[in-house]
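K.L.:
Take these sequences, add in the hints, and give me the full structure.
Residue numbers (my numbering), protein chains in the order written: chain A, 1 to 344; chain B, 1 to 372; chain C, 1 to 239.
Source of the hints: derived by calculation from the structure; they are not laboratory data.
All C-beta atoms in this analysis are idealised placements derived from N, C-alpha and C, irrespective of residue type, glycine included.
Please note: incorrect hints may appear among the correct ones.
Calculated from the model, a selection of chain B residues having no Cβ within reach of chain A, i.e. all distances over 10 angstroms [said to hold, decoys possible]: (1) Leu-71; (2) Thr-97; (3) Ser-106; (4) Ala-135; (5) Met-166; (6) Leu-175; (7) Val-201; (8) Ile-205; (9) Met-218; (10) Leu-313; (11) Pro-315; (12) Lys-356.
Calculated cross-link-like contacts (lysine-lysine; reagent style BS3-like; alpha-carbon spacing at most 30 angstroms) [to be verified]: (13) A:Lys-203 <-> A:Lys-93; (14) A:Lys-180 <-> C:Lys-78; (15) A:Lys-35 <-> B:Lys-212; (16) A:Lys-35 <-> A:Lys-180; (17) C:Lys-173 <-> C:Lys-133; (18) C:Lys-133 <-> A:Lys-178; (19) A:Lys-180 <-> C:Lys-133; (20) C:Lys-55 <-> A:Lys-93; (21) C:Lys-30 <-> C:Lys-127; (22) A:Lys-203 <-> C:Lys-133; (23) B:Lys-277 <-> A:Lys-93; (24) B:Lys-356 <-> B:Lys-277; (25) A:Lys-178 <-> C:Lys-78; (26) C:Lys-173 <-> C:Lys-228; (27) C:Lys-173 <-> C:Lys-26; (28) C:Lys-135 <-> A:Lys-35; (29) C:Lys-129 <-> C:Lys-78; (30) A:Lys-178 <-> C:Lys-135; (31) A:Lys-203 <-> C:Lys-135; (32) C:Lys-198 <-> C:Lys-133; (33) A:Lys-203 <-> C:Lys-55; (34) A:Lys-93 <-> C:Lys-78; (35) A:Lys-178 <-> C:Lys-129; (36) C:Lys-228 <-> C:Lys-26; (37) A:Lys-35 <-> A:Lys-93; (38) C:Lys-178 <-> C:Lys-133; (39) C:Lys-79 <-> C:Lys-30; (40) B:Lys-356 <-> B:Lys-212.
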Amino acid sequence: MAAGISLYFLMASIGYASALGLLSMGLSLTFVTTKVANFAHGTIAMIGGITTLFLIDRYMYNVKGLPLFVTSALAGFIIAGVTAVVLYLVILKPLADRGSDVIGLMIATFAIDIMLQSILSMILNLAHGKHFPKLFGASVQSWDVTLNCCGTQIAESHVFLPVAAIILTILFHLFLTKTKFGIAMRATIENPDLAEVMGVNTKAVYTISWFISGALAGLAGALLVFSLKDTSPNNSNLIIVSIFAGSILGGLGNVYWGLIGGFLIGLAEKLGTQLLNLFYNNYLAPSLHLPPFSFVNYEKLMSLGLVIIVLLTAPQGLAGIDWGGLLSRMGLKTARSRKPEREV
Amino acid sequence: MIGVIQNPFTETWILLVLVYIIVTISLNLEAGFTGIPNFGKAVFVFMGAWAAQGIGIRLAAYLLEKTDPGLAAEALKHLQEIGIGTYKSLVQAAGDTDANRIVVTSYIYPYFQHHLALAALLFTAVLAIALALSAAMGLFASFAAVRLREEYLAILLLSFSELMVMVIFQQTTSLNGGPQGIWAMRFGSNGLRTALILAAVFAAITFLYAEKLANSPMGRAMRAVRDDEIAAGVYGRDVARIRLKVIMVSSMIAALAGLAFIQATPSTVSMGFDRVKWTFFPWAYLILGGMANNVGAVLGTVIFLILQRLVQLLPVYISGTSTTIMTIIPYLSNILVGVIIILVLYFRPQGILPEKPSKTVDFHRILVEEGE
Amino acid sequence: MAPILEVKDLNAGYGRFHILFDLNFKVDEKEILIVVGPNGSGKSTTLKAIFGIAKVYSGGIIYRGEDITRLPPHEKAKKGLAYLPQTNNVFAELTVEENLRMAGYTLPPDVVDERVRTVLESFPFLKSKLHDKAKSLSGGQRQLLAMAMTLIREPDLMMFDEPTAGLAPIAAKEVVEKILWLRNDLGKTIILVEQNAKLGLEIGDNALLLVSGRIAYYGSAKDLLANKDLGRLYLGLAK
Numbered sequence: 001m002a003a004g005i006s007l008y009f010l011m012a013s014i015g016y017a018s019a020l021g022l023l024s025m026g027l028s029l030t031f032v033t034t035k036v037a038n039f040a041h042g043t044i045a046m047i048g049g050i051t052t053l054f055l056i057d058r059y060m061y062n063v064k065g066l067p068l069f070v071t072s073a074l075a076g077f078i079i080a081g082v083t084a085v086v087l088y089l090v091i092l093k094p095l096a097d098r099g100s101d102v103i104g105l106m107i108a109t110f111a112i113d114i115m116l117q118s119i120l121s122m123i124l125n126l127a128h129g130k131h132f133p134k135l136f137g138a139s140v141q142s143w144d145v146t147l148n149c150c151g152t153q154i155a156e157s158h159v160f161l162p163v164a165a166i167i168l169t170i171l172f173h174l175f176l177t178k179t180k181f182g183i184a185m186r187a188t189i190e191n192p193d194l195a196e197v198m199g200v201n202t203k204a205v206y207t208i209s210w211f212i213s214g215a216l217a218g219l220a221g222a223l224l225v226f227s228l229k230d231t232s233p234n235n236s237n238l239i240i241v242s243i244f245a246g247s248i249l250g251g252l253g254n255v256y257w258g259l260i261g262g263f264l265i266g267l268a269e270k271l272g273t274q275l276l277n278l279f280y281n282n283y284l285a286p287s288l289h290l291p292p293f294s295f296v297n298y299e300k301l302m303s304l305g306l307v308i309i310v311l312l313t314a315p316q317g318l319a320g321i322d323w324g325g326l327l328s329r330m331g332l333k334t335a336r337s338r339k340p341e342r343e344v
Numbered sequence: 001m002i003g004v005i006q007n008p009f010t011e012t013w014i015l016l017v018l019v020y021i022i023v024t025i026s027l028n029l030e031a032g033f034t035g036i037p038n039f040g041k042a043v044f045v046f047m048g049a050w051a052a053q054g055i056g057i058r059l060a061a062y063l064l065e066k067t068d069p070g071l072a073a074e075a076l077k078h079l080q081e082i083g084i085g086t087y088k089s090l091v092q093a094a095g096d097t098d099a100n101r102i103v104v105t106s107y108i109y110p111y112f113q114h115h116l117a118l119a120a121l122l123f124t125a126v127l128a129i130a131l132a133l134s135a136a137m138g139l140f141a142s143f144a145a146v147r148l149r150e151e152y153l154a155i156l157l158l159s160f161s162e163l164m165v166m167v168i169f170q171q172t173t174s175l176n177g178g179p180q181g182i183w184a185m186r187f188g189s190n191g192l193r194t195a196l197i198l199a200a201v202f203a204a205i206t207f208l209y210a211e212k213l214a215n216s217p218m219g220r221a222m223r224a225v226r227d228d229e230i231a232a233g234v235y236g237r238d239v240a241r242i243r244l245k246v247i248m249v250s251s252m253i254a255a256l257a258g259l260a261f262i263q264a265t266p267s268t269v270s271m272g273f274d275r276v277k278w279t280f281f282p283w284a285y286l287i288l289g290g291m292a293n294n295v296g297a298v299l300g301t302v303i304f305l306i307l308q309r310l311v312q313l314l315p316v317y318i319s320g321t322s323t324t325i326m327t328i329i330p331y332l333s334n335i336l337v338g339v340i341i342i343l344v345l346y347f348r349p350q351g352i353l354p355e356k357p358s359k360t361v362d363f364h365r366i367l368v369e370e371g372e
Numbered sequence: 001m002a003p004i005l006e007v008k009d010l011n012a013g014y015g016r017f018h019i020l021f022d023l024n025f026k027v028d029e030k031e032i033l034i035v036v037g038p039n040g041s042g043k044s045t046t047l048k049a050i051f052g053i054a055k056v057y058s059g060g061i062i063y064r065g066e067d068i069t070r071l072p073p074h075e076k077a078k079k080g081l082a083y084l085p086q087t088n089n090v091f092a093e094l095t096v097e098e099n100l101r102m103a104g105y106t107l108p109p110d111v112v113d114e115r116v117r118t119v120l121e122s123f124p125f126l127k128s129k130l131h132d133k134a135k136s137l138s139g140g141q142r143q144l145l146a147m148a149m150t151l152i153r154e155p156d157l158m159m160f161d162e163p164t165a166g167l168a169p170i171a172a173k174e175v176v177e178k179i180l181w182l183r184n185d186l187g188k189t190i191i192l193v194e195q196n197a198k199l200g201l202e203i204g205d206n207a208l209l210l211v212s213g214r215i216a217y218y219g220s221a222k223d224l225l226a227n228k229d230l231g232r233l234y235l236g237l238a239k
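P.N.:
See the structure below:
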């Protein structure tokens, strides 16, 4: 591989970026349907992570014949999805119906986040005392199965994540374009009043969108746990920064771009920081006689920096850029001629 | 009973009340009056603390070195003798996590307790730095989103606060001692007393200032920004400018709280300014007490701190509490706070004390000096 | 023949804003009723009140002899009423085909297929645009798509709210011709709100002139068009 970057690290970065893509996509989904900026999204993902820990402790590598990461992904998917739906129906929807504005709902998710973190910490704490002495603060990396490939070792979860992300995105796309309910969901996102007139049950649409969002988060969290150095729920404090960065980069109102945005942010954080690290320590510092410096611990700053750049230059994110126009101007696409629009 | 009031735990509690009054009012100016959802309040409180910690303590060492080089040399020699290390200057030693405690407790504190004029100078400097730093932070943290929808502002401020407190200050040991932390500059012989005095003075100033601001033309402009009035939106530039101003001023106020607080707990690490304690709680206090109502902010703070104190004291009065309950009490406390926030948002979003209409100004002043 | 729609002593508005006062009129089957009047007189509100999107304070809406005043909009749609709002009447991000399918959301799948085919015969230009997003259509085309969408439900009474607003004259003419075709060829009953009074009154049978929420004239459309005073006062018709 390229100097300094192992295949393992590359796969880990791709794995992380895929997880983040799913997370940002889920965040954009609930934002675009219910107008909620979900600050608890990272912690919902952590539910998946905690599930994995419990599964590891009870079943080790195989759960009744299935590999560990498949079961933990499934379990995280379901549990987090259900949790998200419960949170929506019990807290957020009633507040919205009561007339709570965007800020009120944000505050509610902020509160939910802290309550969830407390609950998860409580569970871990109690489990630490009683049945699962191995869990608390455990480094889960050692549980990840390694594969032998291309002359070196890579982790299973790092392969599973991008594959899962691709499959899920394709499924989701098919859902949105080929199923009656999926089309109704897109219609509701665009114009809920008109959709209601056509007989769509918008409440069901919103509930399903929260399930999907939570489920994707749970799956991502279940697998991400393998790459994190420690497993305290406080990790979600920082992951939410990256999730929002991904959504903003993609454009808060666009689900597909959310996936891409999250993926790019993930790559920037892991791969980008490492490249910067190598560049600085192997080239820049020696030639300018600067002290060595490890950027690795500051990878989150990449996301923050990118967010600021996006907000300053193109706040609508990648979704807001006129790709058609850009491609035409670059000569790669002929501009489509249209009938003149409404005239004044 | 008197014992309960006079014991240091109660004094600490009173300090918390005063400190949080400052923070909650500062949040009120942003969220209550101007509609700015500041989910990153914690970092601005921390700035006030850092002005006394990483910056203040080095400044103190510098002053000591300049005014009594002999003492400084003696300190450095002492550090070498007891095997802590060799340092080029007292400033360097003060900032180093190994040497900091000895330098601070054996040399810096006693020195400034005996040189009051110098201490006053140092205090003024630290105060000025705290204000300037937090204002600059406020500007830097929000400028990118200040023209955009509130969601972006909330996200940016939260991200900024988390990264500052959890990443930058946590990882970069030279800034504030990293995870180990370094001691802050403390004034006076009794840190708690100093903290109480400072907090009381700051709280009073903050309250009076906030009330004055709320009833001024600027206060009306703030409310216009919050309520999305068309007039405020048409003058798009002004919306951004007003938000920036409010954030910067509120950040300065928050820093005052941090500066007072750190006097009592000089060794708090940067991670001690986490978002549960310094963002989440003030939001809870404000929502309960009443948004856009300064008296409400005070009220909410007091009520919640009483509640939280009771939850803390609970195990003391329940005999035979198992360790299980002991461990989950802090978590239950957070959950309780969250539940209360949501209940208030649902049943009475305006809080206990709703917003008062801003006091009318006499006609002449309206005609002559209206608008920002 | 009994009228297909009767409106009796209708008072309606939005929340606390009382817009319509004591409206009384009827529409016969296959009639085109034009609703005209100055801005803010309550023309759109009339349609919305009939369909159930605006609040009815008092009065009755009788459809084919049945009192439907309190029914929710989608129930009224099932009975055969259709309402075409002025804007946001198609899903811009969905394709033309998806729009048509959405219009038939509550119908069984095979019925939807059949209706879509039928509608496409009436609006052949849509056939080549089935997979284009609705937002790529021009203003006039979008109105025709919206019209096609309402036809999926095979309504009997169709209510249009200023369908020609913002359209170039040629597009407006196309829309109006299509409305006439709906009545002449398909036998639909039409209530049409028109800002362009001349255009509306030329094709209407009867007309309702609303001023400040009250009926200022209710009778033959041709007569209203010829009435110089009312025309000048309220409708901006010169001479």
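K.L.:
Run every hint past the structure and note whether it holds.
P.N.:
Status of each hint after checking the structure:
1. Leu-71: 31 angstroms, holds
2. Thr-97: Given a closest Cβ separation of 17 angstroms, the condition holds.
3. Ser-106: 31 angstroms, holds
4. Ala-135: 19 angstroms, holds
5. Met-166: Incorrect as stated: the minimum Cβ-Cβ distance to chain A is 6 angstroms, not above 10 angstroms.
6. Leu-175: The claim stands: Leu-175 of chain B keeps its Cβ more than 10 angstroms from every Cβ of chain A (closest is about 12 angstroms).
7. Val-201: Non-interface label stands for Val-201 of chain B: nearest chain A Cβ at 31 angstroms, farther than 10 angstroms.
8. Ile-205: 28 angstroms, holds
9. Met-218: Holds, since 21 angstroms exceeds 10 angstroms.
10. Leu-313: 19 angstroms, holds
11. Pro-315: It holds; Pro-315 of chain B is separated from chain A by about 15 angstroms at its closest Cβ, greater than 10 angstroms.
12. Lys-356: Non-interface label stands for Lys-356 of chain B: nearest chain A Cβ at 20 angstroms, farther than 10 angstroms.
13. A:Lys-203 <-> A:Lys-93: 9 angstroms, holds
14. A:Lys-180 <-> C:Lys-78: 19 angstroms, holds
15. A:Lys-35 <-> B:Lys-212: Cα-Cα ~35 angstroms, so violated.
16. A:Lys-35 <-> A:Lys-180: 23 angstroms, holds
17. C:Lys-173 <-> C:Lys-133: 24 angstroms, holds
18. C:Lys-133 <-> A:Lys-178: Holds. Lys-133 of chain C to Lys-178 of chain A sits at ~15 angstroms (cutoff 30 angstroms).
19. A:Lys-180 <-> C:Lys-133: This hinted pair holds, its Cα atoms lying about 17 angstroms apart.
20. C:Lys-55 <-> A:Lys-93: 24 angstroms, holds
21. C:Lys-30 <-> C:Lys-127: 28 angstroms, holds
22. A:Lys-203 <-> C:Lys-133: Holds - the C-alpha atoms of Lys-133 of chain C and Lys-203 of chain A are around 25 angstroms apart, at most 30 angstroms.
23. B:Lys-277 <-> A:Lys-93: 27 angstroms, holds
24. B:Lys-356 <-> B:Lys-277: 28 angstroms, holds
25. A:Lys-178 <-> C:Lys-78: The given pair, whose Cα atoms are some 26 angstroms apart, holds under the 30 angstroms limit.
26. C:Lys-173 <-> C:Lys-228: 25 angstroms, holds
27. C:Lys-173 <-> C:Lys-26: 27 angstroms, holds
28. C:Lys-135 <-> A:Lys-35: The hint holds at about 23 angstroms.
29. C:Lys-129 <-> C:Lys-78: With Cα atoms ~28 angstroms apart, Lys-129 of chain C and Lys-78 of chain C stay inside 30 angstroms; holds.
30. A:Lys-178 <-> C:Lys-135: 20 angstroms, holds
31. A:Lys-203 <-> C:Lys-135: 26 angstroms, holds
32. C:Lys-198 <-> C:Lys-133: 33 angstroms, violated
33. A:Lys-203 <-> C:Lys-55: Since the Cα atoms of Lys-203 of chain A and Lys-55 of chain C sit roughly 22 angstroms apart, the hinted pair holds (cutoff 30 angstroms).
34. A:Lys-93 <-> C:Lys-78: 29 angstroms, holds
35. A:Lys-178 <-> C:Lys-129: 18 angstroms, holds
36. C:Lys-228 <-> C:Lys-26: Judged against 30 angstroms, a Cα distance of about 25 angstroms means the pair holds.
37. A:Lys-35 <-> A:Lys-93: 11 angstroms, holds
38. C:Lys-178 <-> C:Lys-133: Status holds; Cα separation ~22 angstroms.
39. C:Lys-79 <-> C:Lys-30: It holds: about 17 angstroms lies between the C-alpha atoms, which stays within 30 angstroms.
40. B:Lys-356 <-> B:Lys-212: 13 angstroms, holds
Consistency with the previously given hints fails for numbers 5, 15, 32, ordered from lowest to highest.
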